[in-house]
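Chemist: Given the coordinates of chain A, assemble chain B onto it according to the supplied hints.
Keeping their order, the protein sequence lines are chains A and B. The first sequence lines up with residues 35 to 730 when you count with our numbering. The second sequence lines up with residues 35 to 730 when you count with our numbering.
Just so you know, the hints here were simulated from the structure itself, not pulled from any lab data. Careful: at least some of the hints might be erroneous.
Since the list gives no way to pick out one identical chain from another, each pair is judged satisfied if it fits inside one copy or across any two copies.
[Unchecked claim] Below, computed lysine-lysine pairings styled on DSSO-like, alpha-carbon distance capped at 30 angstroms:
(1) Lys595 <-> Lys143
(2) Lys645 <-> Lys209
(3) Lys352 <-> Lys624
(4) Lys352 <-> Lys670
(5) Lys370 <-> Lys143
(6) Lys370 <-> Lys142
(7) Lys550 <-> Lys142
(8) Lys250 <-> Lys352
(9) Lys332 <-> Lys460
Protein chains: 2
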Amino acid sequence: MFEQFFSPKSVAVIGASREPGKLGSQILSNIISGQYQGKIYPVNPKAPEISGLKCYPDISSIPDVPELAVIVVPAKIVCSVIEECGKKGTKAAVVISAGFKESGPEGKKREEELVEVAKKYGCRIIGPNCLGIIDTYSDLNVSFAPVMPTKGSIAFISQSGALISAVLDWSRKQKIGFSRIISMGNMADVSESELIESCAADEKTKVILFYVEGVKDGRDFINRVSKVTSKKPVIAIKAGLTGSGSKAASSHTGSLAGMAEAYGAAFKKTGVLQVSNMEELFDLSLAFAYQPLIKGDKIAVVTNAGGPAVLATDAVEKQGLKMATLSEQTESTLKKNLPPAANIHNPVDVLGDATEQGYKVALENVMKEDNVDGVLVIVTPQTITRPLETAHVVVENANRYKKTVVTSFMGGVSVEVAIDFLRQSKIPNYDFPERAIRALKAMVDYVKVLERKNGPTVEIAADKDMVSKILQQVKKSESRNLTDYQAREIFGAYGIRGPERYLAKNVDEAISNAKKIGYPVVAKIVSPDILHKTESGGVRINILNDEEMKKSFNEIMKSVKQYLPSARIEGIEIQEMVKGVQEVIIGVKKDIQFGHLIMFGLGGIFVEVLKDVTFGIVPVDRQEALEMIKEIKGYKLLSGFRNLPEADIDGLVETIVKVSQMCQDFPEIKELDINPLVVKEKGKGTVMIDARIIFE
Amino acid sequence: MFEQFFSPKSVAVIGASREPGKLGSQILSNIISGQYQGKIYPVNPKAPEISGLKCYPDISSIPDVPELAVIVVPAKIVCSVIEECGKKGTKAAVVISAGFKESGPEGKKREEELVEVAKKYGCRIIGPNCLGIIDTYSDLNVSFAPVMPTKGSIAFISQSGALISAVLDWSRKQKIGFSRIISMGNMADVSESELIESCAADEKTKVILFYVEGVKDGRDFINRVSKVTSKKPVIAIKAGLTGSGSKAASSHTGSLAGMAEAYGAAFKKTGVLQVSNMEELFDLSLAFAYQPLIKGDKIAVVTNAGGPAVLATDAVEKQGLKMATLSEQTESTLKKNLPPAANIHNPVDVLGDATEQGYKVALENVMKEDNVDGVLVIVTPQTITRPLETAHVVVENANRYKKTVVTSFMGGVSVEVAIDFLRQSKIPNYDFPERAIRALKAMVDYVKVLERKNGPTVEIAADKDMVSKILQQVKKSESRNLTDYQAREIFGAYGIRGPERYLAKNVDEAISNAKKIGYPVVAKIVSPDILHKTESGGVRINILNDEEMKKSFNEIMKSVKQYLPSARIEGIEIQEMVKGVQEVIIGVKKDIQFGHLIMFGLGGIFVEVLKDVTFGIVPVDRQEALEMIKEIKGYKLLSGFRNLPEADIDGLVETIVKVSQMCQDFPEIKELDINPLVVKEKGKGTVMIDARIIFE
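Chain A extracted, bound-state conformation (with noise of 0.2 angstroms):
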């Protein structure tokens, strides 16, 4: 995918340039030191001949198709650019200049010219406004990066220029490899998810990172992602999370950044993993980039100090994962064999005075030990430590039991020969344990992602006609808000229900409906003249069998009719009296990238003062509903704590399954709420009390 970007047979460098220190000339020097073997045409109307290659005076003067034209001419001749490009026949262009979306209401109109063009044409482009590519399996590199990274099994695709500059100079400092740089400026035509896709599609690249302040197109983002999470890891760093932080984001690529919890959730639903800080996304980077996958949760720590091993024990907690537990076998071997004040237990403690033979006693017996899925090996430089031999002592075992290593050979000086050796054999090495864990727990995460099957599509019938119906009758009003009644049809038409409710017209009819309904039931005038039914004695709650039934629909007629002679009776509706173990909300929010955003949190304080809520991304299939009601701290009042019985776990996730269906069915809701939505006991369902939905 996009092989006329990332391995083209021939370059053209339009805007190529004489002068040291402009785009044009670093673009055209970095091409040619970069080694890249196919054609390079420079193209400059003013230059004969650059850096001893033929330069041509147009692009039409080129006696080839150059399969990639990179541009950095000024904004205003972009767009005669690609089209002289389409004319020609090339089919892929970066755009480096900058002067479109991110200047202002010209250059967008510019950038919509620009998109025009190339559609015409066929011509797919990337950026503009960026800082270009890089494939260092193709000798690429062109971009004004001033470094050309090493060859490496990590694609970085970023919408910020300048952090590549950063990164790359950094990698070359930490000698981290890459397969891919990208540099996506503006998006004005290629998205970030073709991109994600393109280097998933690429044989060198085992991890994808992703710096992003707001994605081109979210519903095409979740579509491409998730295909390319269940076979390769994404990791996403998301600026412009917070109020200040999203401000920023807006001034810098205009790209609107959407809200975190949208985000948040997009990740989530296509296996990406979301990673707070630079730091966290490399350190993660390299441990799928140099290991193999982690099979499962369970740690063991081999160390030749006490204190770094309780920082790494304290982190495996921290961050859910399990120290594994050695076998008693392992544990008499390691005893045999190890000093007798060291610890055999896990973390597994060769002492300060222990050379590459203590680890390897140690590394040999913990790695083949079926209950460890993950080995920290951690080494302090103490007097008699020997760095380098040690790191062939784990590099040997890494290699013979194929289980995930990650080291923290911890210290400067001493340990730099050994972790150069750890580098060049895969291994990755943190300065500190606690960020080697933090890349083992990241492992664990992807095993769920590749463990999640999607499950059966839902179908839900659904009396969608009677909503097209209400909905009809909306548009036509002024009001976008639907009235309670309405609301509740539309709700019943996916079997959303209120509180079961009949209308008796005498006492016997009261009797029949209460028994259908099961006692206790509530009682309520139904009058279109009486507006305040309590006030006008019209309502009795709890009551509890045939006697009280029938005692309180009298007391109800005697009272309405004294409060308001005059009123229209129609009959009393005898209702279910609603009680459940928890009163939940389930919320819809249309975001502007992602499409209806569902909400599930407890109802009350758990969402007003707590905010523990959760969020899904529409469609949402029962196994997606199933988690977010378990990720929410309150969970536990729903899955039988202390005396509280069991909530229909399973009937909470039928009612968010059909406000997903139905958001689908019906994209112009714009709000909904179900707010509270009574969970009764397990088997006994949902129902909803009160509920809102506006229409866009």
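Modeler: The following block gives chain B in isolation, referenced to the frame of chain A:
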């Protein structure tokens, strides 16, 4: 303080050795190669001379009183060596030798003996089982750490010797300097608190780092370290926080790891800044070691790249700091002097093609702005960027405006020289902007520690005699649990009361009591023969007026007589019907290290499901109590949320302070619970509903 340890005029090395690789050899050679200027006396009966120094067969043969003794002999003879030192008049000893408490029961006995001998002679001991100590300004390295650190302002005190080796090695690469390095070992005699105090007294030390698994004496820690933090920042990492972690700790140095909450509360009380990993420990220390303390929480960011600035802005918000708003004047100056596309609002973006000139304009104007407390300068290496020259601009402005400045020169090779210059000029640089912001946040936290005013000593009038009397009774009985009545009496002695209640013998008394309390009231039968008051018809709630009172009184009497005609009836208790704003819980647990720990939280699910509680260490003064109340997430529910009235926070503070006083007066309190305590509306106090106390 502890001059004999950190700047002794002479050092005896008992167990000095000629064999390289032996600790006794390593230590002696460290002292020599560290260029220690005092006298060095190696002691070894088998060698006439070591490393060119005259060697003595025993301590008594030394023609001088060595101020410091370093002991590296086998554990078995350490006691007799200390005896000799004592006789000689040496008052300070660092015991390197292992084989004490950490090695089992025998070692524990040996350690007790060691302490006794030392005490006899007034000789203080650091260790045993430690790596030794370093004071860079005394050129003193009495340790077997393979590296002598460069001079700096950071003191590092560690309970893990191995961690010191690693940190020293790492710091050499990172070019971080230290004033002192102290390995505490088993803390048989000199405690971590004394060592922290001694570093606070050391004028070369600006910030004290502290790796701790367990403190020696919690109360002593609080007393001493509280005084230190009002002068110098102390940053601590507590290892062994989680379950498995603390298992690892106790098998490590045999220290008894206290519970995480107790340490958290102790650090809070003493003003120690707690970090969660090693990287943070050093990141923060650099800011304190290099920069003037920040004045407030308003941060400005100057950058040449949008992406990292967005990340920095996100971090500012996440950390609870504020992005400074620049004045119109500043912004207009920036507008005039920066390129048109530059962002003149905070974060100020001088753009990717800025040289040091752009930074100069931005920094001068941002730093002289009153509204800015701290500045983060981000530099990404672009083609035109001049990192070193930009670093010079940063340093000049930092020196000129005396504000807190941190940098994130991002990258590797291109910014290395600039970062070196920054470091020499005492500007801390961080690989990524998030870490820089974290360091500023720690400074803001420390400012709050300095601003803390010690409240007036709380004096609660209490009937201690009555409590003592009850305690006597309890001590005589088998049980350590008090009866409900006894518990209420004790709380009452401190003015913590249950619902107001009076016994009424007849209807008239009932009515006058009810009036005294104020309707609504509750009426309850009082009879030694009736255990199930409700069943007997002996309880009426929500009595609203005199008439209902009369009716209830008579009905109760009638019911009870029917229920149990033989019952002896003492009367009817008229009780306040407690209605409050919120139910809370106040609990106490006596921690093995820090003494009484007071827990506060909202009642019910807040405690049980959400664990939304906070801890304070006795004595808790009014200021601390208020902070505790404000710390919990549910605080909103006390401060006038939605339709809820404002709760009586002052009354709640008073109740917490009373509980604190009670624990101080009666240290034998082991556990205590007031659950629930009803907090009424502002001005109306609190009412204890249920309570229990357990004594030791």
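Chemist: Could you check the structure against the hints above and give me the numbers of any it violates, in ascending order?
Modeler: 1, 2, 7
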